[in-house]
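The sequence shown begins at 1 in the UniProt record's numbering and counts up one residue at a time.
A portion of the hints provided could be inaccurate.
[Claimed, not checked] Restricting the straight-line Cα-Cα distance to at most 30 Å, the calculated cross-link-like pairs of lysine-lysine (DSSO-like) are:
(1) 73 x 44
(2) 91 x 49
(3) 79 x 44
(4) 79 x 91
(5) 73 x 91
(6) 91 x 44
[Claimed, not checked] Pair ranges (Cβ atoms, derived):
(7) 61 x 41: 26 to 32 Å
(8) 60 x 89: 29 to 35 Å
(9) 62 x 94: 27 to 33 Å
(10) 80 x 58: 32 to 38 Å
(11) 33 x 94: 21 to 27 Å
(12) 84 x 29: 31 to 37 Å
(13) 74 x 25: 28 to 34 Å
(14) 85 x 26: 33 to 39 Å
(15) 86 x 49: 18 to 24 Å
(16) 30 x 75: 31 to 37 Å
(17) 31 x 54: 18 to 24 Å
(18) 92 x 49: 32 to 38 Å
(19) 33 x 75: 23 to 29 Å
(20) 25 x 89: 30 to 36 Å
If you are wondering where the hints come from, they were derived from the structure by calculation, not from laboratory data. Each residue gets a CB set at the ideal place from its N, CA and C atoms; glycine is no exception.
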Amino acid sequence: MAFYYKFTFASVYATYSERGEISDASCLTNGYLDTSLDWVPGMKLMRLKDMPAFCRTTDPDDVMVDVTLEQMKSAVGSKAIILNTFYEIEKDLCTHSQ
1 MAFYYKFTFA
11 SVYATYSERG
21 EISDASCLTN
31 GYLDTSLDWV
41 PGMKLMRLKD
51 MPAFCRTTDP
61 DDVMVDVTLE
71 QMKSAVGSKA
81 IILNTFYEIE
91 KDLCTHSQ
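Can you make the complete structure from the sequences, with help from the hints?
If you want it as structure tokens, here you go:
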């Protein structure tokens, strides 16, 4: 599940940063993290605060973000990716990931 979560995070973060979702540190404390990720297929109940803590950075040069985005780029070119998930619980997400 860790790889899948990182992959999901990287996918979301790439779009998230392009959209300018967290523009400054006030977004971390003003309730903004309760915003739903309804623009991510299969993740309509996920909120910004449900993502890993390092995705809440306001630093575009954050090392963990760079590492995770590089892992995602590598995974995109893979012939297969093994996901550890529970289909009955994550049906929407699994359907969109195929």
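A quick look at each hint next to the structure:
1. 73 x 44: holds (24 Å)
2. 91 x 49: Holds, at about 22 Å.
3. 79 x 44: Given pair residue 79, residue 44 holds - Cα atoms ~28 Å apart, limit 30 Å.
4. 79 x 91: holds (22 Å)
5. 73 x 91: holds (25 Å)
6. 91 x 44: holds (12 Å)
7. 61 x 41: 26 to 32 Å: holds (29 Å)
8. 60 x 89: 29 to 35 Å: holds (33 Å)
9. 62 x 94: 27 to 33 Å: holds (29 Å)
10. 80 x 58: 32 to 38 Å: The hint (32 to 38 Å, Cβ to Cβ) holds, given that residue 80 and residue 58 are roughly 35 Å apart.
11. 33 x 94: 21 to 27 Å: About 26 Å separates the Cβ atoms of residue 33 and residue 94, which means 21 to 27 Å holds.
12. 84 x 29: 31 to 37 Å: Roughly 33 Å apart at Cβ, these two residues keep to the hinted range, so it holds.
13. 74 x 25: 28 to 34 Å: Given a distance of about 31 Å, which is inside 28 to 34 Å, the answer is holds.
14. 85 x 26: 33 to 39 Å: At roughly 35 Å between Cβ atoms, residue 26 and residue 85 fall inside 33 to 39 Å, so the hint holds.
15. 86 x 49: 18 to 24 Å: holds (22 Å)
16. 30 x 75: 31 to 37 Å: holds (34 Å)
17. 31 x 54: 18 to 24 Å: holds (20 Å)
18. 92 x 49: 32 to 38 Å: Check failed, 20 Å falls outside 32 to 38 Å.
19. 33 x 75: 23 to 29 Å: holds (26 Å)
20. 25 x 89: 30 to 36 Å: holds (34 Å)
Hint compliance for this structure: hint 18 is the single one not met.
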